[in-house]
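What follows is each chain in one-letter form.
2 protein chains.
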Amino acid sequence: MDFQAMSREELSQVKQELENRYHEVQALGLNLNMARGKPSEEQVELSMPMLDTLNSRSKMTASNGEDCRNYGMADGLPELRLLFAEMMGVDDHNIIVGGNSSLNMMFDVISCAMTHGFSDCEPWMHQGHLKFLCPAPGYDRHFAITEYFGMELIPIEMTPEGPNMDEVERWVNNDPQVKGIWCVPKYSNPQGYTYSDETVRRFAALQPAARDFRIFWDNAYCVHDLTNTPDELLNLWYECRKTHNIDLPIFFASTSKITFPGAGVAAVGASEVNLAILRKHYSYQTIGPDKLNQLRHIYFLRDMEGVKAQMQRHRKVIAPKFEIVLSKLSDHLGGKGIAEWTNPNGGYFVSVQVLDGCARRVVQLCKEAGVQLTGAGAAYPYGKDPRDSNIRLAPTYPPVSELEVAMDLFCLCTELAAAEKLLETK
Amino acid sequence: MDFQAMSREELSQVKQELENRYHEVQALGLNLNMARGKPSEEQVELSMPMLDTLNSRSKMTASNGEDCRNYGMADGLPELRLLFAEMMGVDDHNIIVGGNSSLNMMFDVISCAMTHGFSDCEPWMHQGHLKFLCPAPGYDRHFAITEYFGMELIPIEMTPEGPNMDEVERWVNNDPQVKGIWCVPKYSNPQGYTYSDETVRRFAALQPAARDFRIFWDNAYCVHDLTNTPDELLNLWYECRKTHNIDLPIFFASTSKITFPGAGVAAVGASEVNLAILRKHYSYQTIGPDKLNQLRHIYFLRDMEGVKAQMQRHRKVIAPKFEIVLSKLSDHLGGKGIAEWTNPNGGYFVSVQVLDGCARRVVQLCKEAGVQLTGAGAAYPYGKDPRDSNIRLAPTYPPVSELEVAMDLFCLCTELAAAEKLLETK
Chain A
1 MDFQAMSREE LSQVKQELEN RYHEVQALGL NLNMARGKPS EEQVELSMPM LDTLNSRSKM
61 TASNGEDCRN YGMADGLPEL RLLFAEMMGV DDHNIIVGGN SSLNMMFDVI SCAMTHGFSD
121 CEPWMHQGHL KFLCPAPGYD RHFAITEYFG MELIPIEMTP EGPNMDEVER WVNNDPQVKG
181 IWCVPKYSNP QGYTYSDETV RRFAALQPAA RDFRIFWDNA YCVHDLTNTP DELLNLWYEC
241 RKTHNIDLPI FFASTSKITF PGAGVAAVGA SEVNLAILRK HYSYQTIGPD KLNQLRHIYF
301 LRDMEGVKAQ MQRHRKVIAP KFEIVLSKLS DHLGGKGIAE WTNPNGGYFV SVQVLDGCAR
361 RVVQLCKEAG VQLTGAGAAY PYGKDPRDSN IRLAPTYPPV SELEVAMDLF CLCTELAAAE
421 KLLETK
Chain B
427 MDFQAMSREE LSQVKQELEN RYHEVQALGL NLNMARGKPS EEQVELSMPM LDTLNSRSKM
487 TASNGEDCRN YGMADGLPEL RLLFAEMMGV DDHNIIVGGN SSLNMMFDVI SCAMTHGFSD
547 CEPWMHQGHL KFLCPAPGYD RHFAITEYFG MELIPIEMTP EGPNMDEVER WVNNDPQVKG
607 IWCVPKYSNP QGYTYSDETV RRFAALQPAA RDFRIFWDNA YCVHDLTNTP DELLNLWYEC
667 RKTHNIDLPI FFASTSKITF PGAGVAAVGA SEVNLAILRK HYSYQTIGPD KLNQLRHIYF
727 LRDMEGVKAQ MQRHRKVIAP KFEIVLSKLS DHLGGKGIAE WTNPNGGYFV SVQVLDGCAR
787 RVVQLCKEAG VQLTGAGAAY PYGKDPRDSN IRLAPTYPPV SELEVAMDLF CLCTELAAAE
847 KLLETK
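Top to bottom, those sequences are chains A and B.
The working numbering numbers the first residue of the first sequence as 1 and each following residue consecutively.
The working numbering numbers the first residue of the second sequence as 427 and each following residue consecutively.
Simulated from the structure, these hints should not be mistaken for laboratory data.
Hints are supplied without guarantee of correctness; some may be wrong.
As the list claims (entries may be wrong) - To give an idea of the chain A side of the interface with chain B (calculated C-beta under 7 Å), a few residues:
#	residue
1	ALA35
2	LEU51
3	ASP52
4	THR53
5	LYS59
6	ALA62
7	SER63
8	ASN64
9	GLY99
10	ILE145
11	PHE260
Glycine residues also receive a C-beta, built at the ideal position from the N, C-alpha and C atoms.
From just these sequences and the hints, can you work out the full model?
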């Protein structure tokens, strides 16, 4: 029953029925949250054995023989640099393993560029008005960093192949005020899209107008597959080697959604030229990373096989939740002409497009019935979704029983908002 | 036998004997290091039980009921904020417990001021030439941060009462380019001086010409006593409350030299006005600190009594090393008129003043006989000791047997350099 095809009378009747059902749900007094890409307690439990791997009887030396309990090893444990190298597709000599937050490393790279600059250019703070490209919808905390530093955020259309590369090339290759672009190249936040080979090659072939332009390649979901047919991301590191553009990209990843959120380890990967700048910055900023937590991660994960095994355990917990979200969307909204959604092979989100002008209303209706969603517009620069139609669903945190209730409500609110909207113009 | 009172002939003969002994030591092929304020392996062993306190059977919730394994609690665990509050003498609501490095927190505060500013003033990056006061000799890594950000480092004379406050007041109260001062107020690095009550009161009474001037109060050795008559530091937080200057100081401390160097926890304390700026900065910079390591620290240290007990264990290891250093200095150099040194009640260093123009020579002679000392001049802004006479001794890292050998050599080299120097002018 396509909402768009209904008469005003049919639509009014549907709206009345939806409102009745909505009030019934409201009376239940729900208090559920599917706002954040946060692992569930069940997922967090998967890493509890890690806490037993490092104890007072453990070996405390890294593979290079150094004592992990004392100062030193600014680049992190060699064996963990190797593991991140494999995960991120970057040479291990080009990896620094840091603290518990890859967002912190991204922030620090931006901050370093602001105060000290890249490629012997002036610090960004001294270059006047600057712009940063933000494929949208995208990750709100990426956009927020560059907004905090006063840059103009330029939205770039996202497609199932990745950012619209015609737009990216036009900006990057012509405007020297454009200093960077935020990318989540695999299982993008929020759509779960993976950049196509063509997109990656076009990134590697950029000829930036600004010598200090950088690609912020946040491979947050590099091993976070949900199906037996995972997406494959072309390796930007090797593509940039081929195009002699190795100073363009800076790579990030973490174990926040492999082991513990907030108590994982994060890494940055970059060319020698970029690393020299970052190593200098870090040499003033810190005595070094928490190497005991790095050792704990090596004892628990061991190698890439260990990472994959751990991700299989996550998948067992998460995949059914994605199935619930997708089947609820399909059951309640399929064929009604009022919503479209992505069907990702991995990552942490499902992205829903409701009718134009309805996203904020859906989020509000859900909230007033006790279900917290990600704020409408959050995935856009300045929190402004020009069509007010995108909603990010985060299936991982709520237990299955709560997720079913929350999704029923979400679909109901999507229908109700659509009926309201369509009646405005009938 | 006072070197200064010797005739040229006596001095020449002494020099010859010292050279002979030096060559004998050189032949031993030593390879010892007393360059850094680094805990020894024996000290690091003291915290090994901490690794057993948090395991897969432990309670994972903080005192507020939140799960420490997941995202959240940007200010750190409430119970650890309380413990740092007691250690640092700052209200617990004014504490943020962060990651593993207090140096990192200091760097981030400076970086935040550079890009965003304090007290609604322009960001420091946009204010032109800036100055930072550096009580000297002092901590090289403090000075390095402000040098990295392009500030002019102004040396301030250090006295046994703390920085020369006449100088400090003259600069701070008159020059709006002066944006801050580095302080290690208890057991200062490298002298082990503790600021007098008068000094602390004068800090609290400063009337800075710059509204965005800040005191960086790095209480790194707040619980690091070595004797039964520990120094007492007047509480700057309460003094600043009295003078209505509470926005002046920013407090720092860490457990790097209580538990594990590099795997401890650090904290910053500040007024509501300052915290609002820092909390905003952190809200963009990170998802939050490693709360599992915070929980581990609470399970191990528990409270202030636990901290004191742990510091007693450190004292048992360290105090004999300080005694070796001081008795070697006294035995070999006492009454010779060629060196003076501090006798601290705590901290990590002994500061030696050799004859003017001899410090670099002593460090070089030691190095050429296989003993690495802190670089001469390192404790001064830009690494330049105007008198070339200060040497920082770090007794904690070498085992006792090595320390004795190293100190014998150090004293020998100090005598030899003095004889060389005095012969130049006899």
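Hint by hint, here is what the structure shows:
1. Taking 7 Å as the C-beta cut-off, the interface hint given for ALA35 (chain A) is violated, the closest approach to chain B being about 12 Å.
2. Hint status for LEU51 (chain A) relative to chain B: holds, with the closest Cβ pair at about 5 Å, below 7 Å.
3. For the restraint placing ASP52 (chain A) at the interface with chain B, the shortest Cβ-Cβ distance is roughly 5 Å, inside the 7 Å limit, so the hint holds.
4. Given hint, THR53 (chain A) at the interface with chain B, is violated; its Cβ is 10 Å from that chain's nearest Cβ, farther than 7 Å.
5. Among the interface hints, the one on LYS59 (chain A) is violated; its C-beta lies about 12 Å from the nearest C-beta in chain B, farther than the 7 Å criterion.
6. Taking 7 Å as the C-beta contact cut-off toward chain B, the hint placing ALA62 (chain A) at the interface is violated, the least distance being around 12 Å.
7. Because the closest C-beta pair between SER63 (chain A) and chain B is about 17 Å apart, greater than 7 Å, the hint is violated.
8. The criterion of a C-beta within 7 Å of any C-beta in chain B is not met by ASN64 (chain A), whose closest approach is roughly 15 Å, and the hint is violated.
9. Nearest Cβ of chain B to the Cβ of GLY99 (chain A): about 5 Å, under the 7 Å cut. The hint holds.
10. Restraint check, ILE145 (chain A) versus chain B: the minimum CB separation of about 5 Å is within 7 Å; hint holds.
11. Because the beta carbon of PHE260 (chain A) sits about 5 Å from the nearest beta carbon in chain B, less than 7 Å, this interface hint is met.
In the structure shown, a violation is registered for the earlier hints numbered 1, 4, 5, 6, 7, 8, in ascending order.
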